[in-house]
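Enquirer: Chain by chain, the residues:
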Amino acid sequence: GAVVSQHPSRVICKSGTSVKIECRSLDFQATTMFWYRQFPKQSLMLMATSNEGSKATYEQGVEKDKFLINHASLTLSTLTVTSAHPEDSSFYICSAPLGGVAYGYTFGSGTRLTVV
Amino acid sequence: GESVGLHLPTLSVQEGDNSIINCAYSNSASDYFIWYKQESGKGPQFIIDIRSNMDKRQGQRVTVLLNKTVKHLSLQIAATQPGDSAVYFCAGGSYGQNFVFGPGTRLSVLP
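Residue numbers (this note's numbering), protein chains in the order written: chain A, 129 to 244; chain B, 21 to 131.
Think of the hints as simulated: they come from the structure by calculation, not from any bench.
Chain B stretches covered by chain A per the calculated footprint, using a threshold of three residues with CB under 8 Å from any CB of chain A:
#	stretch
1	61-67
2	121-127
Some but not every residue of chain A turned toward chain B, in silico, with C-beta under 10 Å:
#	residue
3	132
4	219
5	221
6	235
We put the beta carbon where it would ideally sit given N, CA and C, even for glycine.
Using the sequences provided together with the hints, build the complete structure.
Expert: Dropping the structure here:
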């Protein structure tokens, strides 16, 4: 079935550095990608929606300059956490609708970011 | 705004029994609903979806029921297995757009 491959699965970085998370759609074209973060024992919270070839739409309270999203192709969307701080430590997840007649959604496997 | 919530935060069932996880939503304009499971430390896994023009949809061992009158949907898992232990989320919205996720129900399968 349709798969979104998300990398890295885990990353530890120092405060002040930047981290890039990639989500690739392997056998379908992801015109839209949703980026979520999830805190322990909580549900997914949407950060932004990226659409191929256009600027991402950010949810209220999400800093555009801190969480840079790029969706340059139909198979790749990236989230870059810039100038990371310990409070950015979280589980980041991407998701894409399968589109067409398939309906359904697929999720990346998530990235556990720890900022030290 | 939209809100989606679950009636029971935890559910324990005996292996082999059927499980029913319930969910309520508030936005009557929602026309697409999905169920996901998430195992500890892993990303969500899509289980099944249903459109608002349907009231029932079946998958492999799972059935989703939608009652638009009372804005309620449920996920039924037949012959629950240990591998079904996870947190289950419902979400509602419109296809292709963002969903509102419920807080999750933890399903524990007892041997």
